[in-house]
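Taken in order, these protein sequences are the chains called A and B.
Sequential numbering of the first sequence, starting at 1, is according to our numbering.
Sequential numbering of the second sequence, starting at 1, is according to our numbering.
These aren't lab readings, by the way, just hints derived from the structure by calculation.
Quick caveat, the model's predicted, so the values are computed rather than measured.
Note that CB positions come from ideal geometry on N, CA and C, so glycine has one too.
Honestly, I wouldn't trust all of these hints.
Unchecked claim - Chain A is nowhere near these chain B residues, computed Cβ spacing over 10 Å in every case:
id: 1; residue: 40
id: 2; residue: 41
id: 3; residue: 51
id: 4; residue: 94
id: 5; residue: 157
id: 6; residue: 167
id: 7; residue: 177
id: 8; residue: 219
id: 9; residue: 224
id: 10; residue: 236
id: 11; residue: 251
Claimed, not checked - Label-pair restraints from in silico Cβ distances:
id: 12; chain 1: A; residue 1: 31; chain 2: B; residue 2: 167; range: 34 to 42 Å
id: 13; chain 1: A; residue 1: 394; chain 2: B; residue 2: 49; range: 17 to 25 Å
id: 14; chain 1: A; residue 1: 298; chain 2: B; residue 2: 109; range: 25 to 33 Å
id: 15; chain 1: A; residue 1: 374; chain 2: B; residue 2: 170; range: 37 to 45 Å
id: 16; chain 1: B; residue 1: 131; chain 2: A; residue 2: 287; range: 22 to 30 Å
id: 17; chain 1: B; residue 1: 53; chain 2: A; residue 2: 298; range: 29 to 37 Å
id: 18; chain 1: A; residue 1: 397; chain 2: B; residue 2: 95; range: 22 to 30 Å
id: 19; chain 1: B; residue 1: 49; chain 2: A; residue 2: 287; range: 38 to 46 Å
id: 20; chain 1: B; residue 1: 216; chain 2: A; residue 2: 385; range: 42 to 50 Å
id: 21; chain 1: B; residue 1: 48; chain 2: A; residue 2: 363; range: 51 to 59 Å
id: 22; chain 1: A; residue 1: 298; chain 2: B; residue 2: 167; range: 31 to 39 Å
id: 23; chain 1: B; residue 1: 131; chain 2: A; residue 2: 294; range: 16 to 24 Å
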Amino acid sequence: MTAIMPRSRLRAGDTLRSSAGSLRSRAWRAALSALGIAIGIAAAVAVLGVSASSRAALLAELGAEGNLLTVSAGQDFTGSPAALPVTATGMIRRIPPVQSVCAVGYLPGVTVRRTAAVPAIDSGGISVLATQTSLLRTLGGSVARGTFLNAATARYPAVVLGAVAAQTLGIARVPPGTQVYLAGQYFTVVGILRPVPLAPEIDEAALVGFPVANARLGLGGHPTEVYLRTEPDQVQAVDEVLPFTVNPAQPEGVQVSRPSQLLAARAQAGSALTGLFLALGAVAVLVGGVGVANIMVISVLERRSEIGLRRALGATRRQVGSQFLAESVMLSALGGVGGVVLGAVATTAYALASRQSVVVPLPAVGEGVAVALSVGLLAGVYPAARAARLTPTEALRAT
Amino acid sequence: MTGHDGMGHDGTWQDGTGPDGTGPDGAVQAAGRDAVLELVGVRKTYPGSAPVRALAGVDLRIGAGERVAVLGPSGSGKSTLLHILGTLERPTSGVIRVAGRDVSALSDAEVSAVRGHQLGFVFQQFFLLDHLDAVGNVALGLLYRGGSVPERRLAAAGALARVGLGHRLAHRPQQLSGGERQRVAIARAIAGHASVVLADEPTGNLDTATGAGIVALLTEIAGDGTAVVVVTHDTGVAAAMERRVEMRDGRILSDTRQPGSATVAAGTPLTT
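Using the sequences plus the hints, can you model the full thing?
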């Protein structure tokens, strides 16, 4: 007899359809067992998404060009910021590509307290800075409450608090008559600033006008730091001429820095917290994978008669195994996709709540799904092998 | 799809014995040369501390279109016999031929393919998948032969019509009565035009009247040229089969058609 040997054939699409059908018929169980992987992937995607969104927001705030420069004279022998020449601001303003300039003067030994009753030692780490009215324009900051200093209030005992300073002092709003005790006299709080990421030192400061600082706090007109913005393509050139412009007599004592560069580098580096959350996400995915493997083993035990039936209908060991493997991978893929969606939703919610632009990093999405697929493959190997090893009679007998 | 594993009868496997080849003397022929299933000296021993000898040398030939009942008390080896006939289990020694081909030496994949193409199964517990409708369950019988979904569903609908369930195509097993479920299972067994349908206590879970309907259906199938082997302890079911094989202690105690005997000893003659 020369009969052609028949062969069992199972199309890939049929394997997937069979597996999907089995999962659908136990939808709740499938959803619950995919949840572990989903949570892990969601955590990872959300952490990466939130940090990417924050970074994007920060870079947007810096202005992609990063054209802010700060000039200081380093520290004097007491550790306080050293003074720059009184002429520095005017000289810098004469450099053609410079768009805006703002000088601040550090007032050493001046403290701010809520009232005179608070001991002087409880300064809360708040420094007092004299500032020009161009500060917000130069740094790109804004007021959260009240107003900033203007030409008039700069002459009077008025103060604007940085975001952290206001918190330290316990001042959340500025109704008329809000006062703080500053260098032995009461100053009226006229405004509170939003955080200034480019110059965190402003957040921890109480800001007064130069005229009042000179007249009542003995500043003497010397700035200690100058902020300036230049035309974006001239940053390097301005950087080079700044020391000679600011202090021709001692250019080597002048320090020029670009806080935007520092911040960008820090943002790029990512925080230790990000790593921690990613590790937690990985653990969750791992545990989720064990859960999927567990469910698949149970599924093989429960569905012995189905395995026996399929073997009787012509399924080979390999085809039975591949169906269970496909189920495991599908279950994990479900978790992966669900996790990516959850993570993206969390990122979006966070970004919208903190008014940042939403950035869901595509590599994280791809990696999330890829990790889920690999976990599913690994989790499915043992159950699939068990299903394949079952002989038809063993499987059919188990009812 | 090739004609070889198509929905029609397969000449190479049937070796020329089709529905038209069976007649009054076709039955004799079936019992003689053209066995669709053949066991020669089959023994089966289950190993263990006290080895169980389930089959102690069985010779059996099943011809095309034959209706055979295998009877015997529990422990007589009739279920083992059915499993070995269905290639679900391999004998410890002896030869099993499906359509003339010795399957003892075939690989697992090859034996699986023989099952998928040549043999149909009907079980006492029906073994229908709850999440598939009737057509889906019957189409499962063709899943491992590689046809497309529309082809399989079409053949499945045809098989359901043959078992009288043409109006129940989209019903799920939970929506069907026991008798209807067993009809779906029979449709699944015959959808691929198996040359032998092996039924293990097909009426065991059914009441007498419903069981009689199932037996009538199995008889009808045999009329179309498919051999039917029913394992049962129900003498009523056995009486409806043209040939009865009685098992006791792993041996064939009696066979109403002895191998080599030219006469049809009992049962109704085959009709087309």
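Exercise. Which numbered hints turn out to be false for this structure?
Worked result: Hint check: nothing fails, all pass.
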